[in-house]
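So you can see what is in the structure, the chains are spelled out below.
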Amino acid sequence: MNSIIIVQMAVSGALMGLVYALIAYGFQLTYATSKSINFGQGELVMLSAFFSLTLLDAGLPYWLMVPGGLLFGAMMGLVVERACVRLSLEQKSEGWILLTIIFGLLSFSAAENIWGRDDRPFPSPISADAFNVFGISITPLELSVAIGVFAVMGLIELFKHKTLLGKAFEAVSADRDAAELMGISATRTIMLSFGLSGMVAAMAGILISPITTVGPTMASALILKAFSVAVVAGLDSGFGVVLIGIALGALESLTSFYLGSGWREAPGLILLIMALALRPNGVFGKANIRKV
Amino acid sequence: MLKRLLLLRGTELVALVLLASIPLVVNNSYALGLLTLLTIYGILLIGLDVTVGYLGQVNLAQAAFLGLGAYAAGLSVTVLGFGIPAALGVSMLIGLVMGALLAFPALRLEGPQFALATLSFSALCTTVLNEWESLTGGAQGLSLSRPAMLGHAMKASGFYWLCLVLLALVWMAMRNLLSSQWGRAFEALRDSPIATDAMGVGTFRHKVAGFALGSSLGGLAGGLYAFNFEYLQPQTFNYDMMVVLLLGVVLGGRKSLWGAFFGASLIVLLPNLLSSRLLFEIISGLGFLLAVVAGGRGLLKKTTQPFQAIAPVVAMGILVAGGFMVENTENWRKAIFALMLFSVVVGLPDGIMGFAAQYLARLFGIKSAALPAASMLDDVLPANTRDLGVLLELKNLKRYFGGVKAVDGVSISIQKGHVHGLIGPNGSGKSTVVNVISGLYAPTSGEVLLLGKPLPAGSLFSVARAGVSRTFQNLQLFGELSALDNVMLALKDAYRIPVLLVLLGFSRAEDRRAQAEALALLELAGLADQARVRAKDLTYGSQRFLEIARALARKPELLILDEPAAGLAHPDVAVLVEMIRTIKRRGITTILIEHHMDVVSKLCDQVTVVDGGQVIARGTPDEVNRDPQVIKAYLGVVPDEIIPA
Chain A
2 MNSIIIVQMA
12 VSGALMGLVY
22 ALIAYGFQLT
32 YATSKSINFG
42 QGELVMLSAF
52 FSLTLLDAGL
62 PYWLMVPGGL
72 LFGAMMGLVV
82 ERACVRLSLE
92 QKSEGWILLT
102 IIFGLLSFSA
112 AENIWGRDDR
122 PFPSPISADA
132 FNVFGISITP
142 LELSVAIGVF
152 AVMGLIELFK
162 HKTLLGKAFE
172 AVSADRDAAE
182 LMGISATRTI
192 MLSFGLSGMV
202 AAMAGILISP
212 ITTVGPTMAS
222 ALILKAFSVA
232 VVAGLDSGFG
242 VVLIGIALGA
252 LESLTSFYLG
262 SGWREAPGLI
272 LLIMALALRP
282 NGVFGKANIR
292 KV
Chain B
19 MLKRLLLLRG
29 TELVALVLLA
39 SIPLVVNNSY
49 ALGLLTLLTI
59 YGILLIGLDV
69 TVGYLGQVNL
79 AQAAFLGLGA
89 YAAGLSVTVL
99 GFGIPAALGV
109 SMLIGLVMGA
119 LLAFPALRLE
129 GPQFALATLS
139 FSALCTTVLN
149 EWESLTGGAQ
159 GLSLSRPAML
169 GHAMKASGFY
179 WLCLVLLALV
189 WMAMRNLLSS
199 QWGRAFEALR
209 DSPIATDAMG
219 VGTFRHKVAG
229 FALGSSLGGL
239 AGGLYAFNFE
249 YLQPQTFNYD
259 MMVVLLLGVV
269 LGGRKSLWGA
279 FFGASLIVLL
289 PNLLSSRLLF
299 EIISGLGFLL
309 AVVAGGRGLL
319 KKTTQPFQAI
329 APVVAMGILV
339 AGGFMVENTE
349 NWRKAIFALM
359 LFSVVVGLPD
369 GIMGFAAQYL
379 ARLFGIKSAA
389 LPAASMLDDV
399 LPANTRDLGV
409 LLELKNLKRY
419 FGGVKAVDGV
429 SISIQKGHVH
439 GLIGPNGSGK
449 STVVNVISGL
459 YAPTSGEVLL
469 LGKPLPAGSL
479 FSVARAGVSR
489 TFQNLQLFGE
499 LSALDNVMLA
509 LKDAYRIPVL
519 LVLLGFSRAE
529 DRRAQAEALA
539 LLELAGLADQ
549 ARVRAKDLTY
559 GSQRFLEIAR
569 ALARKPELLI
579 LDEPAAGLAH
589 PDVAVLVEMI
599 RTIKRRGITT
609 ILIEHHMDVV
619 SKLCDQVTVV
629 DGGQVIARGT
639 PDEVNRDPQV
649 IKAYLGVVPD
659 EIIPA
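Read top to bottom, the protein sequences are chains A and B.
Residue numbering for the first sequence follows the numbering used here, starting at 2 and increasing by one per position.
Residue numbering for the second sequence follows the numbering used here, starting at 19 and increasing by one per position.
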């Protein structure tokens, strides 16, 4: 009996972990092109979720809301790139860390005042009635999260490998200067990566909100775990985030079961610090040679 | 000189006296509370400025150290029954130890990874303080009462004076420390960790020390915080507070004690300013005007990019417009912080104090402190031409990168006092050879012997300490430091005073001597009149010469010059040749990597030619010039008849 509960906890946790993996994947997209990430990405997830909820409240059907929410996320991603990242990259400074933190703060405050401080339910046409697989109950809603995560990541990977624009993306990731010499605009490619990253964040918000509800504080809960997944897997690890995301989700769920829900953040944080100390490039990342 | 001292120290003294006398004149417990908080935040921000300003890292853990210090003091009093001094000592110690512990894993990290490590640490601290209910009381909070000190009950004004005295002490100690070798090292490792190691200064120890120091001040501030509020809750020390602290440091001005103080006043006063609508309108209006003026000036003078000028104006414009639209500005507190912080980060990177300091210095005509007379070069670099024999020996040295054999079995022996040329086509492995010698890479196999003893493998720092000094093909100067500071930082055996005495201000004499020695080396490089110029503002040629002067400050047994003439204009090459001749007369053994054959011919006693990671020729410059293998390596296959006999 007990072992069934453990497996149940692990599976539910792992499905949540996929959402962390999706947000971490959004970090990878921008890190690849510009070596920068949006520290306000959690707020971006939250803003997109609130915006999508507003679309639903305005009477838009669910399946039309999704592209609307994604578009909003992509546009916010572009705003982050223009307002917080581009100048620092031009100056080769790390000012973007502070500026994206500021973006998060502004978004948080705006959301608090526009949509209120309370958590709100997020309707979804997908059923939350569980069915049993080998004694473990899974809801179609949870399954839709998994499908959504893999669909988005798969489509973006397909785009990167099959289209010309995608190739440009890969080229800038590999060597920005060389790509520019070949006539690829690095600035546009970085914009593209931030747009995609914002879209991925919006998708994460739409997928997870029916399960967790929407509220201003959802940002901080998600972002730390997404950071953990991204760093532990490595910021250039590709699908490595999926494995780490699943593992961390399961671990976190078990921790909160055994030690109490107050500790559920702890394993991710400890893993993140340990990973940074022992393998700064992540479990699946590649080490760089120092050059002078 | 006297004027400078009078103005700088005088302002500090006047400020201190003013602050100290306020409770005597004004009897208002609310104002006194604000003042106490101001001193506490002052200490906290001075600590944060070490990492954010000097080390140049985004540190998101200072709020956590405030919390740890506060709980440490609180528990010392409630559980252990300590008095105020002992409890504050515990707070500082906790900050110091936890800071050092966090610094170790965070040590290898830069930029975003460092920010993430500190962010995780903060979140972890909040979790532990919240969940360890048996000790901290968890979310219920921890109550304590301020114990008596020296037999007297601590009243509000007495406690304020205690905080003020501590702030003054911290201020003086940090001023001493940051103007010493330690402060230079903190800044250097922000600009170039590689050069910091290669100059024997040590990235490791200074990063840990800087971070631990900043954290211990955070702990001390935490202890005072606990005694001020007499009630603690874990949620206080969260991410929001951290952002507010960053706001204080950045807005006030990085790398400035006054900036930290200004930032602290701002943090303390801001909630009050926001609660009054009129004050808010005035402040946002002033901010908007400042943004317009500063941005407009920058655009006219073409010193700033359009985005840098326009974005703050837009942000402050939103602030002003928003002020009219929303009902309650208090609710939008974070958004207001965000907009102000954004404008400052983009538009005034040096913060308000950085901006004001330049202006004030010009207004009062304050000049930099005068420099001492340069030492004699003979004292700084004693000529040593007596010793003979082998200085450096490479035995079958190999270094592979994956499948690439960059260096594949190189053996060289270098005589004392020689200038030894190392030449070869691009990609032949010469840079890798010197990178292995200087410790940037560990060899895959083979030996490097200096005076018969093996050099440490794979550590720039240890190799530098063993007497090898180098320059870099791609310059690795400390750009934000002056030319003088660049050389002073590298000076060998110049700093012996232990850190505790440095804090007390006993390093001035030592620093004067170092200045004199560094000036002698700058004279050698022809840069004596540009001693106070920031390295990144020097011309390209001067930067190359500065790197050589800095390498000489190590007083090395072996000097490695990695393509010193690369990119130099013709007249500068002549200066360089003269400079290397002077160095040679001092008896310093030099390895010279160079592509200019005329430079090599003029200077080198012996030349080794490498190609494909192997030695293909060695001898005097003339011999090597005629070697058919060498000609083939440089020019491709050449018909027999045109090879000179």
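Be a bit skeptical, because a hint or two may be false.
Only pairs whose alpha carbons sit at most 27 Å apart, straight line, appear in this in silico DSS-like list of lysine-lysine [said to hold, decoys possible]:
{"#": "1", "chain 1": "A", "residue 1": "287", "chain 2": "B", "residue 2": "416"}
{"#": "2", "chain 1": "A", "residue 1": "93", "chain 2": "B", "residue 2": "423"}
{"#": "3", "chain 1": "B", "residue 1": "413", "chain 2": "A", "residue 2": "93"}
{"#": "4", "chain 1": "A", "residue 1": "287", "chain 2": "B", "residue 2": "423"}
Hint data in this document are derived by calculation from the structure and do not stem from the laboratory.
*Could you grab the alpha-carbon distance between residue 287/A and residue 423/B and see if it respects the 27 Å cut-off?*
With a Cα-Cα distance of about 20 Å, the restraint between residue 287/A and residue 423/B holds, given a limit of 27 Å.
*Given the hint that residue 287/A pairs with residue 416/B, test it: the Cα-Cα distance must not exceed 27 Å.*
23 Å, holds
*Hey, residue 413/B versus residue 93/A, does the alpha-carbon distance stay inside 27 Å?*
Violated, at about 41 Å.
*residue 93/A and residue 423/B: Cα distance at most 27 Å?*
33 Å, violated
Taken one by one, the earlier hints fail for this structure at numbers 2 and 3, listed in ascending order.
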